[in-house]
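Asks: Below, each chain spelled out in residue letters.
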Amino acid sequence: MKQLKTRQTKFWIQAALIAAIYATLTIVLGSFGYGPIQFRIAEALTVLPALTPAGIPGLFVGCMVANILGPYGMLDMILGGGATLLAALMSYALRKRPILVPLPPVLVNAVVIGSMLYYAYGVPMSLLACMATVGLGQLVSCYALGYPLLKILSRYENIFK
Amino acid sequence: MLRDITLGQYYPGNSVIHRLDPRVKIIATMAFIVALFVVKSFPGFGISFLALAAVIAVSKVPVKYILRGLKPIFLIIILTFMLNMFMIDGEVLIKLGFLHITREGLYTAVFMAVRLILLIIGSSLLTLATKPMSLTDGIESLLKPLRRIGVPAHELAMMMTIALRFIPTLLEETDKIMKAQQARGADFETGNIFKRAKHLIPILIPLFISAFRIAQDMAMAMEARCYRGGDNRTRMNGMKLGKIDVVAVIIMLLFLGVVVAERIWL
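Sequence lines, in order, name chains A and B. Using the numbering used here, you'd call the opening residue of the first sequence number 186 and step up by one each time. Using the numbering used here, you'd call the opening residue of the second sequence number 2 and step up by one each time.
Here chain A stands alone, though its shape is the one from the complex (with noise of 0.2 Å):
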């Protein structure tokens, strides 16, 4: 019972930690971080479910938090949030086939964040092109960064213990 509770505790502040290691990487590498031709290298974090469940509710409140310092307020934050949640939660379920891991994040940002640039912010490119550039800068940090990370961390595993 005792062990329980401390595991439980020590879940929360890992995913707390991953949030702020997702929001910091988008500060500090983040000019391109925001806004319609997105490429965000904390994306790359998005492979972390498939280690760790505290990977969800981290890459999910890391989301928030980082754009909550950004500059696009409100909406960024509950519409990135949800998406991202969203596709940690997939990534999550796909965790025993390495490969497949990166797809969510690259798939649901561009269909939620292409569609939110398009709709709310009018950015003057059709829907998929808007999905398109989204998805591109997604698919660069996923693949290129997230996958070979996921590779290597999954040699660590003890650290998420």
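Calculated directly from the structure, the hints in this document are not laboratory data. Certain hints may be false.
[To be verified] Lysine to any residue pairs mimicking SDA-like chemistry, simulated, CA-CA at most 20 Å apart:
(1) Lys195(A) x Tyr228(B)
(2) Lys346(A) x Lys199(B)
(3) Lys196(B) x Arg282(A)
(4) Lys196(B) x Tyr328(A)
(5) Lys41(B) x Leu254(B)
(6) Lys199(B) x Lys195(A)
(7) Lys41(B) x Tyr304(A)
(8) Lys199(B) x Tyr304(A)
(9) Lys195(A) x Gln217(B)
(10) Lys180(B) x Pro169(B)
(11) Lys336(A) x Lys196(B)
(12) Lys196(B) x Lys195(A)
[What the hints assert, rightly or not] Quick list of the computed label-pair ranges, beta carbon to beta carbon:
(13) Gly230(B) x Ala278(A): 25 to 35 Å
(14) Lys281(A) x Leu255(B): 51 to 61 Å
(15) Ser339(A) x Val247(B): 25 to 35 Å
(16) Lys281(A) x Ile202(B): 16 to 26 Å
(17) Ile251(B) x Gly267(A): 40 to 50 Å
[Unchecked claim] Pulled from the structure, derived: some chain A residues nowhere near chain B, Cβ distances all over 10 Å:
(18) Ile253
(19) Leu271
(20) Tyr277
(21) Ala278
(22) Leu279
(23) Arg280
(24) Leu292
(25) Val296
(26) Leu312
(27) Leu313
(28) Ala317
Since the model is a prediction, treat every value here as computed from it, not as a measurement. We put the beta carbon where it would ideally sit given N, CA and C, even for glycine.
Got chain A sorted already, so can you dock chain B onto it with the hints?
Replies: Positioned in the frame of chain A, the structure of chain B alone reads:
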């Protein structure tokens, strides 16, 4: 390199807006965003602009400070404006070679730009006049009803607080790791985008290890102090709805009423 990053946009003050209950401010901001999408005409934007200007004046946040926050998206607004202006077909007003400005294009361009600017200023006012910590308290309290369907409201708010607290620590850590790797010959500045992305791995792995070490220590420290989640927890500065909050809600409802009336009758 990491020295000149300002975190968040909170502008310290003691105005009525600063002192409002964070829950009221969050809901009012949401209502304002909804109102901007209800509005379909320029008089409606005029009303929204006046309301926003009044709130800014009361909050005593300098306009210069607010506009500085707009800078990163200024380019996007201009780009959107230009593209809307030139791309939409209709009655031609001015012809410049192969480019032409149409009445419809000009209308859409101005309409979208005004909405975008109001949207961004309106929603950033929330973070300008609310401490991040009271913002997370407000979010926790607003999420509380969702606990019934299993949303861990307290835990999510605690995570936000901890994440905000540790961003500066991790920024420093990232800076240190980058310098350490550069001293070992790491190169972050050349190569194409794929290569550059790959070069970040030697930063990310140590960052993870150090963050998880912090998590380990902190969980242990919290356990040692008998942390047991949100139930029966007390706070140093509790939230209480006061008179100014009631007044703020009434003003907000009036504003929504006017905007809806404008949409229906004008």
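Asks: If you draw a straight line from the CA of lysine 199(B) to the CA of lysine 195(A), is it 20 Å or shorter?
Replies: Given pair lysine 199(B), lysine 195(A) is violated - Cα atoms ~30 Å apart, limit 20 Å.
Asks: Please check whether lysine 281(A) and leucine 255(B) have a Cβ separation lying inside 51 to 61 Å.
Replies: The hint (51 to 61 Å, Cβ to Cβ) holds, given that lysine 281(A) and leucine 255(B) are roughly 56 Å apart.
Asks: CA of lysine 196(B) to CA of arginine 282(A), is that 20 Å or under?
Replies: With a Cα-Cα distance of about 25 Å, the restraint between lysine 196(B) and arginine 282(A) is violated, given a limit of 20 Å.
Asks: Given the hint that lysine 196(B) pairs with tyrosine 328(A), does the C-alpha gap stay at or below 20 Å?
Replies: holds (12 Å)
Asks: Mind checking the hinted window 25 to 35 Å against the Cβ distance between serine 339(A) and valine 247(B)?
Replies: For valine 247(B) against serine 339(A), whose Cβ atoms are near 55 Å apart, the range 25 to 35 Å is violated.
Asks: If you draw a straight line from the CA of lysine 195(A) to the CA of tyrosine 228(B), is it 20 Å or shorter?
Replies: holds (11 Å)
Asks: For the pair isoleucine 251(B) and glycine 267(A), does the Cβ-Cβ distance stay inside 40 to 50 Å?
Replies: Roughly 31 Å apart at Cβ, these two residues miss the hinted range, so it is violated.
Asks: When you look at the beta carbon of leucine 312(A), is every beta carbon of chain B farther off than 10 Å?
Replies: Since the minimum Cβ distance to chain B is about 15 Å, leucine 312(A) lies beyond 10 Å and the statement holds.
Asks: Is the Cβ of isoleucine 253(A) more than 10 Å away from each Cβ in chain B?
Replies: violated (6 Å)
Asks: Does leucine 254(B) sit within 20 Å of lysine 41(B), going by the straight-line distance between their CA atoms?
Replies: Judged against 20 Å, a Cα distance of about 19 Å means the pair holds.
Asks: Tyrosine 277(A): least C-beta distance to chain B exceeds 10 Å?
Replies: Non-interface label on tyrosine 277(A) holds, nearest chain B Cβ at 16 Å vs cutoff 10 Å.
Asks: For lysine 196(B) and lysine 195(A), compute the direct alpha-carbon distance and say whether it is at most 20 Å.
Replies: violated (35 Å)
The structure shown violates the earlier hints numbered 2, 3, 6, 8, 12, 15, 17, 18.
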